[in-house]
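There are 4 protein chains.
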Amino acid sequence: MGSIDLFDTLSPLDFRYYGRSKQAFGALQPYLSETAFVRYLAKVEAALAKVLAKQGICTEKIAKEIEKASQRVTAEEVAKPYVHFTATSHDIICSADAARFKDFTNAVLVPLLIQLEKTLILSARREKSTPQIGRTHGQHAEPITFGFAIAHYVSRLGKRILEIKETGNNLRGKLAGAVGAYNASSLLIKEPELFEQEVLAQLGIKPSPISTQVVEAEYLTDYCHAIVSCFGVLANLADDMRHLQRSEIQEVAEAFGEKQVGSSTMPHKRNPINFENVKSMWKTFMPRMTSVYLDQICEHQRDLTNSASSRFVPELLAGLYLATLRMDKVMSKLVVDKAALKKNFEQNKEMIAAEPAYILLAAHQHPDAHEAIRELTLKAQSSGKPLTKLILEDKKLAPYLKKFTKQQLGLLRNPELYIGKSEQKTESVCKDWEEALEL
Amino acid sequence: MGSIDLFDTLSPLDFRYYGRSKQAFGALQPYLSETAFVRYLAKVEAALAKVLAKQGICTEKIAKEIEKASQRVTAEEVAKPYVHFTATSHDIICSADAARFKDFTNAVLVPLLIQLEKTLILSARREKSTPQIGRTHGQHAEPITFGFAIAHYVSRLGKRILEIKETGNNLRGKLAGAVGAYNASSLLIKEPELFEQEVLAQLGIKPSPISTQVVEAEYLTDYCHAIVSCFGVLANLADDMRHLQRSEIQEVAEAFGEKQVGSSTMPHKRNPINFENVKSMWKTFMPRMTSVYLDQICEHQRDLTNSASSRFVPELLAGLYLATLRMDKVMSKLVVDKAALKKNFEQNKEMIAAEPAYILLAAHQHPDAHEAIRELTLKAQSSGKPLTKLILEDKKLAPYLKKFTKQQLGLLRNPELYIGKSEQKTESVCKDWEEALEL
Amino acid sequence: MGSIDLFDTLSPLDFRYYGRSKQAFGALQPYLSETAFVRYLAKVEAALAKVLAKQGICTEKIAKEIEKASQRVTAEEVAKPYVHFTATSHDIICSADAARFKDFTNAVLVPLLIQLEKTLILSARREKSTPQIGRTHGQHAEPITFGFAIAHYVSRLGKRILEIKETGNNLRGKLAGAVGAYNASSLLIKEPELFEQEVLAQLGIKPSPISTQVVEAEYLTDYCHAIVSCFGVLANLADDMRHLQRSEIQEVAEAFGEKQVGSSTMPHKRNPINFENVKSMWKTFMPRMTSVYLDQICEHQRDLTNSASSRFVPELLAGLYLATLRMDKVMSKLVVDKAALKKNFEQNKEMIAAEPAYILLAAHQHPDAHEAIRELTLKAQSSGKPLTKLILEDKKLAPYLKKFTKQQLGLLRNPELYIGKSEQKTESVCKDWEEALEL
Amino acid sequence: MGSIDLFDTLSPLDFRYYGRSKQAFGALQPYLSETAFVRYLAKVEAALAKVLAKQGICTEKIAKEIEKASQRVTAEEVAKPYVHFTATSHDIICSADAARFKDFTNAVLVPLLIQLEKTLILSARREKSTPQIGRTHGQHAEPITFGFAIAHYVSRLGKRILEIKETGNNLRGKLAGAVGAYNASSLLIKEPELFEQEVLAQLGIKPSPISTQVVEAEYLTDYCHAIVSCFGVLANLADDMRHLQRSEIQEVAEAFGEKQVGSSTMPHKRNPINFENVKSMWKTFMPRMTSVYLDQICEHQRDLTNSASSRFVPELLAGLYLATLRMDKVMSKLVVDKAALKKNFEQNKEMIAAEPAYILLAAHQHPDAHEAIRELTLKAQSSGKPLTKLILEDKKLAPYLKKFTKQQLGLLRNPELYIGKSEQKTESVCKDWEEALEL
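Residue numbers (this note's numbering), protein chains in the order written: chain P, 1 to 439; chain D, 1 to 439; chain B, 1 to 439; chain R, 1 to 439.
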């Protein structure tokens, strides 16, 4: 077969993101390459032989020889999956895929996602009290803290990790023959379903409840949904960070090598290329979920129109791995610019007081607090005077303001205190996920 | 506002599948129409008032008045969602959507899916011993039973029902204010998170672990995935049945009214229009999952670019409801033509014996059973003689055939017995799902 | 059949965007409703009868009666498409759809898109000299003008209008019978292809080059691509405008009614809800292109699995209409804030000079201009001194600066002049499209 | 950089469909690999230098040196695109991509598609008179010829070839600098737009009418639509052929090597694996059009969120190439089984006469021909008598049958003559496309 110059590959995955990165190659090759596939086919064969020997259908000696051979087998030696006694090709293929995706999930993907989760928790905790203006519609709304915004992603990513773990560990194999009815195996084996169970247990997986030539499609469909929806969470985080890096906002920055030139012709620029890349990878891979949904449909006991398409599933897994790796690197070195946070916060600081003002006035029985504050807001805009000053000096409001507690008055004067439960929520979300994921 | 002539609507849902069907209208209007939406907004308001009263923030009298008003409120009276004390519009909207989708799931969708599941179980059990030639690549492969093929869908549909139930009952509300940090509510309420929990408990839902202006996106995303992947199972069943209705196969038929004309110009035709419709609805709705994945991305504490798109989610639910209703109707009257099943089975009956023959020969120590049978297969094709006859008369095979048990020889003579565990598996799958779904 | 309360409809199109808007209803109902569909079916029937009479197959009297009836026919009277002599249902349906989509394109959609194009041209021309900092990666890059940025959309929208026009006017009908081979019509008509041509010419459309039961799929596929890719241009414009409205940027604003409250609890906000809506509608409709691609596949002379799905195509057209209408309204009143444009421009004004500086130095034979300027850039950042000052005072650069023309030196001092061909290009693009679209 | 073992690649394209196929590698590597990309970057640089020299901005000598270097440049030597005077990276990248996709279109893709078109024309012509029962809903409908069914694909594929040619030759480059306004180039060049035109003319492409940092997105979007919709035509053809290969239909077969084993355990099978593969590749690549539509959206003068995703476009082109290559191979050896065609035709031959019968009766003034024939149809089904016999012997029909011409009566007796214009249409479609494509 031989090898190919990396520059001659077609796939940007192979050329750009995997083939030239020791880290990515080391993580993905053992599970997602053709080499890995062949290795797992051999594993299934060995498991099958072992249980055949146990049942007395073949000798222990043969089983051991097969096991030995299967450990030596390389991609070069196995041109096509070798198919064994009573099994159909897809008994071996489906089971090998389930086993390698499961192992990849547990050995590579979930640990990496957990590493990112830890990075986010660290960041959320560190900045849990750093005021940031909350933004809705891209407009300044009410205050939160930077850590609180990150905690939102701690929670969403945490839930996706659980989903990936659960669906990845629930992938199923099969040993039910060409049409799923154990036609061949039931000729020789009394309890072919128990036999199937036992073989697959060697690989750490369970059988499909009922098969055609292939496993029920939804186990893989659910797993891919977990992958793709996790990708969506990363893409959302990437977008948020990108926008916070805009020249006019600059609340965060990707750490930048000292000699790095921002752009060949615009040396002052600090481009959010890593966050852009994560978003772009999501744009590449999210639509592939449609292929997975198309592959749910398989005629009768199987047509082969899912054959080529299902071979691309490992690329989806590689895509999420690469995006997570990049996201972790950039988030673990993310520079949070407190001066910029403060500057942006100040921009509409006065107006922010409007909401607590009218709520507290109403709570203290003002009959039409919302309208009263709205008028002062317009007055502040037209006069240029600070809204809080107008409120505190307003004669009609005075009787109500007298009833305010010290803390309540303090809030009017310092709207950056109006962060609600941002700090406590940040802390509790981080703690909950540390427990749920046993970090 | 008024009403619209059904013929003037834009949406095929409104005109064709819902507006003119008493059954569909009755099932969907209470949860998925704008009327329903307004009704649920009012429910959230009432729940909020009730707990506010309990906390002493408003009087019991006011809470009761609000509750009363909320029961009377009609779509006509509420032009836009009315927004209450400390709550932001999306506190009410997100919670109302979660509650109505949950109620729809439990009251309408799952019961209907279970009705279809029962129909499939009935059909699987009834035909569990009816031999059918299994098909892979559209080619005759090994025998199964018709019931076994249906049992495959019993299992896949069952799993989707559980998924829809689980994700539908895990939809989340919120009462965390404009940026999710309980800014306003924490001014007046000591434990705003407990308060949020208590209000939402009135509606039978839980809060989002952490919110921005809206609930974490993945609760709805997972629910939509359950819906869409369930749709895929129906589409696959529809395709299988469509193809079994081909003129050359005719193993099944949609029950047909006596006076129904197949086609205006081709009166002999029996078109599988219901199965075609289910497949077509899947083609309509499956791609909409991409909109749902796009809506995972929401900038900062929220942009409104998911506002219009999320309004179309009820259509997705309606789509699955309509397809399930139709599928149940047609499957419950499905005509299984045993004569046709037998005729198709006979077509390659002889060749079917090839597999058990070589497996049993190998099990009885024939050194190269696969090749021996392959040669006889070619001989059968060229000579036109039955393969089984050639096998049973072959001198070189005779020493091995002598070792065959009576049952094994019987299988060679009657390949329709070569159905493996089709019957037992059909039965066990049906039983497992009756238990899992408490049918 | 009757009518339905708008609040009881399922479709957000029917309830929210169409049923309650006189303008949208008036524009869409005559082409995209079921009423319209029936009216066009009748038109096809009338055209058919007219040509049948011309050929002497039916009498002139019958043809006139049919024509008369077809003008009176209402949706109420025609429960299902009535099918006539030698024609199969889909002869009538395909032709009616082609004719009504074509008419909609010419009478409604293209004129509205041209209205938006004019609005954009007006805006581009008005602001063609208004400096704006160009942004790449969300970072300040090199200067352009606001009009130049809009001209980009003039060009992209213009090209889409031509595409919609071309593909919409190239939609095809058919009159080739149940399997496309003119089986029935060739019994009675000598030249059934000429006959087909003549009937369709009455409706202003041409026949499909060869049909099955339906027209070749790609005519509609291309039209839908034109629609969806035009939607993408609007979505991009919406996103750009949304971001320019961010609190920290504020270069544009949607015109706002004086008494309009930005948000119930945040009265100071000016939310870009119209641009958000356009983006959201794109998220709703763009993925539906996948349904269109799925409908390219139709088994043999036709299966009906594209029947329900193709009924949703009018929604796609309505979606683009609604987004365009909204976009035109908001763009025609868009407020461009020159003070904000200037303020943002000033932010990195000094750094902007870096690029022309090194290019002009290089052009004047400086051996390593890029590195020289990069060093001064870093010095400017660390020292806080203006870059242009550092450049103009640098001793090593002096010999080269001496060679600069007055205009070149002026550019270093006033980077807002460094807008390249922004003005000329804006003007030429606007002129080109006025000519191409005959505005 | 080095090379990678093919078995270690991630991409099924690299491992399975390209890296091991001399033919595919030879066709795709020169245009779609990274090597090709680098080669085209160098071409753009050389073109740029040449025109710079012509304008006197650099010397002829330098231009020649650059040209020479650019011919020698290998992927190894160019780690990243080298960027030249006044040009921004994306001037070079966009132009190189446009040029290589264009060249690929003209040199590889269109010729291969034309080869398939010729194969289809040959097959259509050869079988233009071979009767086949037309199928709608998978049900026997009216007769066509096998060639007529293929001619449908001749027409659809022909139209896609024109579309690919047109859009592929309309891809655009740019040389308009970092924000598209010719900021840098207009410092040194009087007419930067003419300069841009001249450089791109060297590569055989035109400039984008107006650019940001990148070319207007729709040129590539339209090209990808042409690619994806062409893929849909192949997928439809593949599906039709797959179904015609069903065990019960068997009207066509993939040519099969003599010693080839159909299946390891089912030696009698002839699986349509090539058609299945084409369908499966379509399932893989069609959804990627969504990524292309997502990439239409690019913020302001550009964000980089289309960077990774656009790198996958060459895979889309490779996908169509591979599917076309396979389709051509299998269609050029397709075995059409006339005996099977006849056998299937006979199955409902009698019923087929129903349609011409009622049409001719009606034409001969029978007052209710449709109903009369419908009743005889039911009678034929219940009595088992041939419909044509019942018609010809029916007393009430006799007065009308007398008026039938000899040819008309012949048609009733031989429904295989009821093929309409199948032969003429097949011929005219083939001829039209031979002319349009200059075959």
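If you are wondering where the hints come from, they were derived from the structure by calculation, not from laboratory data.
Just to be clear, a hint being listed does not mean it is correct.
Taking lysine-lysine pairs in the DSS-like style, the calculated list, with each CA pair at most 25 Å apart, reads [what the hints assert, rightly or not]:
{"no.": "1", "chain 1": "B", "residue 1": "LYS403", "chain 2": "R", "residue 2": "LYS206"}
{"no.": "2", "chain 1": "B", "residue 1": "LYS403", "chain 2": "P", "residue 2": "LYS343"}
{"no.": "3", "chain 1": "B", "residue 1": "LYS342", "chain 2": "P", "residue 2": "LYS342"}
{"no.": "4", "chain 1": "R", "residue 1": "LYS54", "chain 2": "R", "residue 2": "LYS206"}
{"no.": "5", "chain 1": "D", "residue 1": "LYS190", "chain 2": "P", "residue 2": "LYS431"}
{"no.": "6", "chain 1": "P", "residue 1": "LYS395", "chain 2": "P", "residue 2": "LYS406"}
{"no.": "7", "chain 1": "R", "residue 1": "LYS64", "chain 2": "R", "residue 2": "LYS54"}
{"no.": "8", "chain 1": "B", "residue 1": "LYS190", "chain 2": "R", "residue 2": "LYS206"}
{"no.": "9", "chain 1": "P", "residue 1": "LYS190", "chain 2": "P", "residue 2": "LYS61"}
{"no.": "10", "chain 1": "D", "residue 1": "LYS379", "chain 2": "D", "residue 2": "LYS396"}
* Taking each numbered hint in turn, which are not upheld by the structure, reported in ascending numerical order? -> Hints 1, 2 and 8 are the ones this structure does not satisfy, whereas the remaining hints hold.
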